[in-house]
Structures are given as C-alpha cells and as structure tokens.
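Trainee: Letter by letter, the chains look like this.
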Amino acid sequence: MATPASRHPGLSNGQAVDIQSLPIMATAGFLESVAQAVAQGMRVSAFFAQPLDQGRLRLWAILAQDSQSLLFPYCTDLEDAHYPALTPRCPQMHLFEREVCEQWGVEPRGHPWLKPVRFHAPYRQGQANAGSGSGNQVGVTDYFRVEGEEVHEVAVGPVHAGIIEPGHFRFQCHGEEVLHLEISLGYQHRGVERHLAAGPDRRSLHLAETLCGDTSIGHATAYCQALEALAGDQASARAQMLRGVALELERIANHVGDLGALAGDVGFLPVLSFCGRIRGDVLNMTGLLCGNRFGRRMVRPGGVGYDLDSAVAAELQKRLDILEKDLTVALDLLWGTSSVMARFEGTGAISGQTCKALGLVGPAARACGVERDIRWDMPAGIFQFAQIPVSTWGSGDVHARARVRWLETFRSIAFLREQLANLPAGEIRTPLGPLAPNHLAVALVEGWRGEICHVVTTDAKGNFSSYKVVDPSFHNWFGLAQALRNQQISDFPLCNKSFNLSYCGHDL
Amino acid sequence: MLDIILARMQQKHRTMKFPYGPAPQMPPRYLGRPAVMPGDCPSGCNICREVCPTGALGRQGRLGLDMGRCIFCGECAPVCPAQRLRFTQDHRLATGSRADLLVDSEVIRPASPLDAQRKRLFGRSLNLRQVSAGGCNACEADTNVLGTIGWDLGRFGIHFAASPRHADGLLVTGPVPANMRLGLLKTYEALPTPKLVIVVGACAISGGPFAGHEEVADGAGDLLPVDLYVPGCPPHPLTILDGLLRLLGRLPEPGKD
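One line per chain: the protein sequences are D and H, in this order.
Position 31, counted from 1, in the first sequence is what this note's numbering calls 31; the numbers after and before it change by one each time, with no gaps.
Each position in the second sequence, counted from 1, maps to that position plus 1000 in this note's numbering.
FYI, nobody ran anything at the bench for these hints, they're computed from the structure.
From a predicted model like this one, the values you see are computed outputs, not experimental measurements.
You may find that some hints are simply not true.
Unchecked claim - Cβ-Cβ distance ranges computed for the label pairs, FRET-style:
{"#": "1", "chain 1": "D", "residue 1": "Arg417", "chain 2": "H", "residue 2": "Thr1015", "range": "27 to 35 Å"}
{"#": "2", "chain 1": "H", "residue 1": "Pro1225", "chain 2": "D", "residue 2": "Arg202", "range": "51 to 59 Å"}
{"#": "3", "chain 1": "D", "residue 1": "Val140", "chain 2": "H", "residue 2": "Pro1252", "range": "49 to 57 Å"}
{"#": "4", "chain 1": "D", "residue 1": "Glu371", "chain 2": "H", "residue 2": "Tyr1020", "range": "46 to 54 Å"}
{"#": "5", "chain 1": "D", "residue 1": "Asp201", "chain 2": "H", "residue 2": "Pro1038", "range": "26 to 34 Å"}
{"#": "6", "chain 1": "H", "residue 1": "Thr1193", "chain 2": "D", "residue 2": "Ser338", "range": "42 to 50 Å"}
{"#": "7", "chain 1": "D", "residue 1": "Arg124", "chain 2": "H", "residue 2": "Lys1186", "range": "28 to 36 Å"}
{"#": "8", "chain 1": "H", "residue 1": "Pro1252", "chain 2": "D", "residue 2": "Glu153", "range": "51 to 59 Å"}
Stated by the list, open to error - Here are the simulated EDC-like cross-link-like pairs (lysine to aspartate or glutamate), alpha carbons at most 20 Å apart as the crow flies:
{"#": "9", "chain 1": "D", "residue 1": "Lys325", "chain 2": "H", "residue 2": "Asp1152"}
{"#": "10", "chain 1": "D", "residue 1": "Lys115", "chain 2": "D", "residue 2": "Glu182"}
{"#": "11", "chain 1": "H", "residue 1": "Lys1012", "chain 2": "D", "residue 2": "Asp53"}
{"#": "12", "chain 1": "H", "residue 1": "Lys1017", "chain 2": "H", "residue 2": "Asp1222"}
{"#": "13", "chain 1": "H", "residue 1": "Lys1017", "chain 2": "D", "residue 2": "Asp281"}
{"#": "14", "chain 1": "H", "residue 1": "Lys1195", "chain 2": "H", "residue 2": "Asp1222"}
{"#": "15", "chain 1": "D", "residue 1": "Lys461", "chain 2": "D", "residue 2": "Asp53"}
{"#": "16", "chain 1": "H", "residue 1": "Lys1012", "chain 2": "D", "residue 2": "Asp321"}
{"#": "17", "chain 1": "H", "residue 1": "Lys1012", "chain 2": "D", "residue 2": "Asp281"}
{"#": "18", "chain 1": "D", "residue 1": "Lys461", "chain 2": "D", "residue 2": "Asp233"}
{"#": "19", "chain 1": "H", "residue 1": "Lys1017", "chain 2": "H", "residue 2": "Glu1253"}
{"#": "20", "chain 1": "H", "residue 1": "Lys1012", "chain 2": "D", "residue 2": "Asp326"}
{"#": "21", "chain 1": "D", "residue 1": "Lys318", "chain 2": "D", "residue 2": "Asp307"}
{"#": "22", "chain 1": "H", "residue 1": "Lys1017", "chain 2": "H", "residue 2": "Asp1090"}
{"#": "23", "chain 1": "D", "residue 1": "Lys325", "chain 2": "D", "residue 2": "Glu315"}
{"#": "24", "chain 1": "D", "residue 1": "Lys461", "chain 2": "D", "residue 2": "Asp18"}
{"#": "25", "chain 1": "H", "residue 1": "Lys1012", "chain 2": "D", "residue 2": "Glu324"}
{"#": "26", "chain 1": "H", "residue 1": "Lys1195", "chain 2": "H", "residue 2": "Asp1115"}
{"#": "27", "chain 1": "D", "residue 1": "Lys356", "chain 2": "D", "residue 2": "Glu371"}
Quick reminder that beta carbons are idealized off the backbone N, C-alpha and C, glycines included.
For reference, chain D alone in the conformation it holds in the complex (with noise of 0.2 Å):
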C-alpha cells in the first residue's frame, strides 16, 4: 500500500486547497490511511464529517505530519450510517469519533467507549441519539464502574466549588487510591461550531473570540489565518508580528496563573499571591496593546485591529524586566520550597508512551518529554522568522507540567523583547478579498494549551460548507483521566490544576 504521504502534496499551515483536487477516497481505504498515518506518527489534528446535499455525509480526517511541516487532509464519502471504529487501533480517535456520532448518528462499529460527548440534540432530525446513555440529558449516561469490597465512587460536579467552569467527574476509588476518573463535560454547550458554520457572518470572529474567552488571541488567530488563507491574502509582517506578541502575552498570563495556583493547591500561599498578582500586571500588558485585558478587539481578518507606537512598545518593554525581576524571585522560592517539590514530583505521571498514544498537546505533551510544539513544528505568522525554542521536560508529572510553563514563560519574554525591539514597518490591516469557492482551510495555532485547530470548508458561493474547532482540551481531558490512575483522590486538585483545561473550549 502506497504510504499516505505519496498520495498527496500535503498543506503547510494555513494554507487553502481546492476541494476537487483532494482524492475522495473509499471509506475502507479512508480508514486503513488514517490507521497506517498513525502507525507512522502522524497525529489526528482534527476530525469530522461535513453534510453534503440529500443527507449524505463527507468525513474528513485532518493528520499532522510534524517532521514534515505537513498536514494531510483524508476525506471520504460515507455510504451508510456505520463504519468500523479506528479507535481500538488508534486511541487518538475516541473522542472524536464519539463526537462524530453523537452530532450526525454515525455509528463507529466496535468503539469501546461510545458515549456523548455534549449531550446536545443530534444536528439532524429524526436521528436518533447515539451512544449508550439516556437521550441528551446531560450528565445522565453509562458511568466506568468498579465494584468489589470497599470500593466507592465520589461525583463532583457540574456546579464546582471554586469559580471555575462546570463538568462533572466520577471517581472508582478504593480507600483513598483512584483506580479510574470518568470525566463527563457538555455542560457548557452554546452551539459554536453550528452557528459558525452558518457563516461568515458579523458574529462570526466573536464566536471564535469567546469560544475559549482566556485564549482570545490563539482562537481568533486561527479563524483568521483560515480566513486569509481562503481569501488568498496575508496580513502585513507589522500585523503577524502583532499577533505574535499578543499571543505570546496571552501565554504568560496563563501560566503563570497556573503557577501560582498549583502553588495553591500544595497550600504555598506566597506565590499563589505573588503569581496571581503578577498575571494581573501581564493582563495588562495586553490591555495596553488593545484596551482588553483579554486580547479582544486585537486579532482582526486581514491584520490586527490596533497598531503599537514606540512609546508604548518602551512601556512594555519596562514592564518585561519588572515582570521577569518579580517573577524569578516568586518561581526561585516556588522550586526551593522542599514541601512544594516533595507533593509535585512523581505526582498524576503520563509516560510519553501514553502521551502519545492519547495524541496530547501542548505543554502537557511537553512535560513528558515529547517535542510538539506549533511554533516550531508549522510555523505560521511571525514564528516562520522568529523561533521560540520547544520546551520540554521529562517527568510527565505534575512537576513537569509546571516547569514547561516556567520555561516556556521565560523564553516568551525573550521572544517578546525582541520583537518589540524590532517592530517591522508596514500597514495593519488589509480587506480581504472574496473566499474561494470549495476550498478547504487548516489553521493551528500553538495556544497556552496546545494546539488549536480551525478547519473551513467552502460552498460554491464561497460561504462556509463546515467549519470545525479542535481546542487543544479536548485532546487533553483524557490525559488528565490518564494521570489520575493510582493517585491519592486528595491529589485530584493539583493534577487538575496542572493541566488546567477548559470546559467551555471541549463543549463549544
């Protein structure tokens, strides 16, 4: 069998491709592709299925080929409502095929764990609801359940303690040892990808701006990178460097939360203090560049929506040598504290093995020794001219997670003193054209938490077709369920913390 690489070209980041040139392939051929491209080390960046006229259905398959700076886009046209599952080979898949059958009841036979995903209504009528459970009653499906002599079970959620988002977890304990954590989400299902879909619109870049509203900047990047990409166009050097530093902001900001609240939840109240006061500043910074503290209004189709004068971008150079000054002497303290080290090493371990099987992103990816990374695997933007070196730690613990973030911090406020120092001359904005008609986009973005996939498809009127949001939590709950096993159910908050994923980024 021909590998999958020599069947097509493959696109680079944030390119477009006319959808007539793809090869639709046979859905039995489609499938052993999408297992051999695994087998080889791609990874499932995105899957999904397009409705396409008198009810049929187009599943398309989006595989990344890091070393290659490659992505591949498999599609094929469904002939019944059932195919044989890929995850029993290829456990990247589960979430994604459940996804798939839940929104358009097809059915992937011999899924070992075929359950909703959001508990919403099926996107077609008269279909039925798929997976084991009851209908779209959320929260309401066949729990993981271990029995035995002094096993219990402990349910937190969906309403959380603390002012986080809503998800409901189920523990299989015994005595105080985790033997499975069952993460059931849905909750916070507004109908995104639907409504994008039926774009673009005025809405349209908001949806993607709060789709995931602390990461504003990596969302509406990518929205517009696919954009841009459909249009034939590209924003200015001055307006990719832009979104650069605004992503890179939204990155500090977030980590050093979680530093600071993963200090927290060890009980090391100092630089849970000295942290959530120095992310504040960092929000700031971003709030200089556009007024929000969250980066909206920043990313704008065609460019960014606000240009940056030298007098600003000396202030937020001041503001780097204080923040990284206050920041070294609270992270110096955090790693010298022996109590803090002793409850964060060895604590909810992910080899890469397991990392990689499950198709992690992001830091949590990184801190088990697995070099992916974005920014550095499919440079789009500002980072194809400026490299931020990968992070990577190899503990896969929760020690781990939170060095990759101190790291990746640090060389983020290099990053950032570079740029500012060297802003390139030109206009930031620029109209976009027409989209092209049946095209197909991909845009990933290295987001705080990983990667961020938008891929857009085109009608003949140049409308969207499709449109599908891969944020990096929904590769990475199952991660957080992975690490959980064999833990002391008391460690529960700290791992939680440590990956920190959104509820409402999974539910869309």
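Here the structure of chain D is known, so what remains is to put chain H in place on it, guided by the hints.
Mentor: Chain H only, in chain D's frame:
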C-alpha cells in the same frame, strides 16, 4: 522561612488604595461606558446596526445602545457618520435594573444601594456563590482576580463561598446553556433567603455573542430575579467591584465623589 520573608519584601505591598484613594487607571484604548451624543441620525442611516454583532443598537424613536447586549467590540462608533456614538473611559457600568442598561444619552445611571433590610444583612459581610453557566472563562477569570492581593475583595467583607448553603447571593456568568439550566436553578434554590442575584457579563445578561442560539437561554435574566447587572465582555474587575460596592452602598453617588 527567611526566603519567604525576603521574597515577600521584594514583591512589596500591592493592595490598591481604591476606593479610599484613586481608582486604578484604565489603559488608553479601554472602551468603557458608551455615550450617545445629542443630535439626529442622518435620514435612513442604519450603519451602526449593520455592523453590530449582537443587536445592541436600536432606534425606536431615538438612537439607543443596550449595554446588556453590547460586547464592546467598538465596531459601531467609528462608522457613525454623525459621530453620535462614543465609548468613554468610565468603568462605572453596573446598574440595578435591565432598563438602566439602555444608554440613549451621556447620563450615567449606576446601581443604587440595596433596600435597608438587605443592606443591614449584607452590607458588612456578603458571601457569594459563583456559577459559570456557559461562561467562556473570561468573566470568571476577572471575577477571580478580585480575590488577588491587588484587589483584595475580602477587605470589604465580600467572599466567595464553596457552597450555596453558605452564600447570601449568586453571581452568574455565561449565557446559561440548556445543559446548565438545572444546575443554575438548583444552586439558586439552595441559597437561603433573602438572597441576591448578580449577573456579570453580556452573556449572563442577554446571551452575548451566543444570543439566539437554541442551545442557550440568552442569559439568566428570565430565569432569576436579578439585583445587579454588570455589563461588559468581560467587564473589567474594577467594573465588577464598582457594582458590588454600589450595591452595598459603599461608594458615593456619581457627582458626589
């Protein structure tokens, strides 16, 4: 221990003086309370409504901007040929009624203090339960920020409780997806009476960018009796704090401060 003390000295005292001193400065590009300038719209002009993503602008008789729907994207002001729309630097957005969120002039109508009975009960100690019902984590994050040392919400006797049974009020964020409706209502019922409801962000007030999606309830306004509306997308922490303090009667009325 010495390391901690030295680090603490390096990090300095950070709690802001506000409200006993000046409020923190907003960034120059901040879009605060909108103002509708007096004058007439050009005949037949509809351009602001055409660019607004959330239907926040209306012209029933006169031009008005609904802060409850506005996500402060700022698209409208630059396109107005008559320059009737403006976003000020004023962070005071919170109101006590849905109607007061409708801006049709430059007048500010901030929230009034609670009635005497509830002010006596909650004025010096207010425990809030927060429920995110479809929130994107931006309103949640900037509510959380109020607990950091810079803002130190605890100095006003305001705390966030882990259980609704321990709370005096509910602070809701998000457009309330169908999947969170029950969770929200059950939490509300679990609060002892008398109780407060505070809605934070465009989503919780009107559905925000998700308004009209059949997956959401367009906010909590039709589900719960709301005492305080804090608009924004997300509101700045100062806006949320301003609302809370006004509700408790701990800030002077505008013009008297």
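Trainee: Does each hint fit the structure? Answer for all of them.
Mentor: Hints and how they fare:
Look at D:Arg417 against H:Thr1015: about 30 Å separates their beta carbons, and that is inside 27 to 35 Å. Hint check: H:Pro1225 to D:Arg202, Cβ distance near 33 Å, so the stated range 51 to 59 Å is violated. The hinted range of 49 to 57 Å is satisfied by D:Val140 and H:Pro1252, whose Cβ atoms lie roughly 51 Å apart. Distance hint check: the CB atoms of D:Glu371 and H:Tyr1020 are about 52 Å apart, consistent with the given range 46 to 54 Å.
Checking the proposed 26 to 34 Å range against D:Asp201 and H:Pro1038 shows it holds: the Cβ atoms sit about 32 Å from each other. The beta-carbon spacing between H:Thr1193 and D:Ser338, approximately 49 Å, falls within the hinted interval of 42 to 50 Å. Checking the proposed 28 to 36 Å range against D:Arg124 and H:Lys1186 shows it holds: the Cβ atoms sit about 32 Å from each other. The hinted window of 51 to 59 Å between H:Pro1252 and D:Glu153 holds, with their beta carbons roughly 53 Å apart.
Restraint check for D:Lys325 and H:Asp1152: the C-alpha separation of about 23 Å exceeds 20 Å, so the hint is violated. In summary, the hint linking D:Lys115 to D:Glu182 is supported, as the alpha carbons are separated by about 11 Å, within the 20 Å threshold. Only pairs whose Cα atoms come within 20 Å are accepted, and H:Lys1012 paired with D:Asp53 is rejected, the gap being roughly 64 Å. For the suggested pair H:Lys1017 and H:Asp1222, the alpha carbons sit about 37 Å apart, so the restraint of at most 20 Å is broken.
A hinted pair counts as satisfied when its Cα atoms are at most 20 Å apart, and H:Lys1017 with D:Asp281 qualifies at roughly 17 Å. For the hint pairing H:Lys1195 with H:Asp1222, the CA-to-CA distance comes to about 17 Å; that is within 20 Å, so the pair holds. A threshold of 20 Å between alpha carbons decides the hint, and for D:Lys461 with D:Asp53 the separation of about 15 Å falls inside it, so the pair holds. At roughly 16 Å between alpha-carbon atoms, H:Lys1012 and D:Asp321 fall within 20 Å of each other, so this suggested pair holds.
For the suggested pair H:Lys1012 and D:Asp281, the alpha carbons sit about 14 Å apart, so the restraint of at most 20 Å is met. About 18 Å separates the Cα atoms of D:Lys461 and D:Asp233, which keeps this hinted pair within 20 Å; it holds. Proximity of H:Lys1017 to H:Glu1253 is assessed by CA-CA distance (about 19 Å); at most 20 Å being required, the pair is judged to hold. At roughly 10 Å between alpha-carbon atoms, H:Lys1012 and D:Asp326 fall within 20 Å of each other, so this suggested pair holds.
A threshold of 20 Å between alpha carbons decides the hint, and for D:Lys318 with D:Asp307 the separation of about 19 Å falls inside it, so the pair holds. Simply put, H:Lys1017 and H:Asp1090 have alpha-carbon atoms about 18 Å apart, close enough for the 20 Å limit, and the pair holds. Proposed proximity of D:Lys325 and D:Glu315 is supported: the alpha carbons are some 16 Å apart, at most 20 Å. Proposed proximity of D:Lys461 and D:Asp18 is supported: the alpha carbons are some 13 Å apart, at most 20 Å.
Straight-line distance between C-alpha atoms of H:Lys1012 and D:Glu324 comes to about 15 Å, which keeps the hinted pair within the 20 Å bound. At most 20 Å may separate the alpha-carbon atoms for a hinted pair to count; H:Lys1195 and H:Asp1115 meet this at roughly 12 Å. Our distance criterion of 20 Å between C-alpha atoms is met by D:Lys356 and D:Glu371, whose separation comes to about 11 Å.
Comparing the model with each numbered hint stated earlier shows that hints 2, 9, 11 and 12 do not hold.
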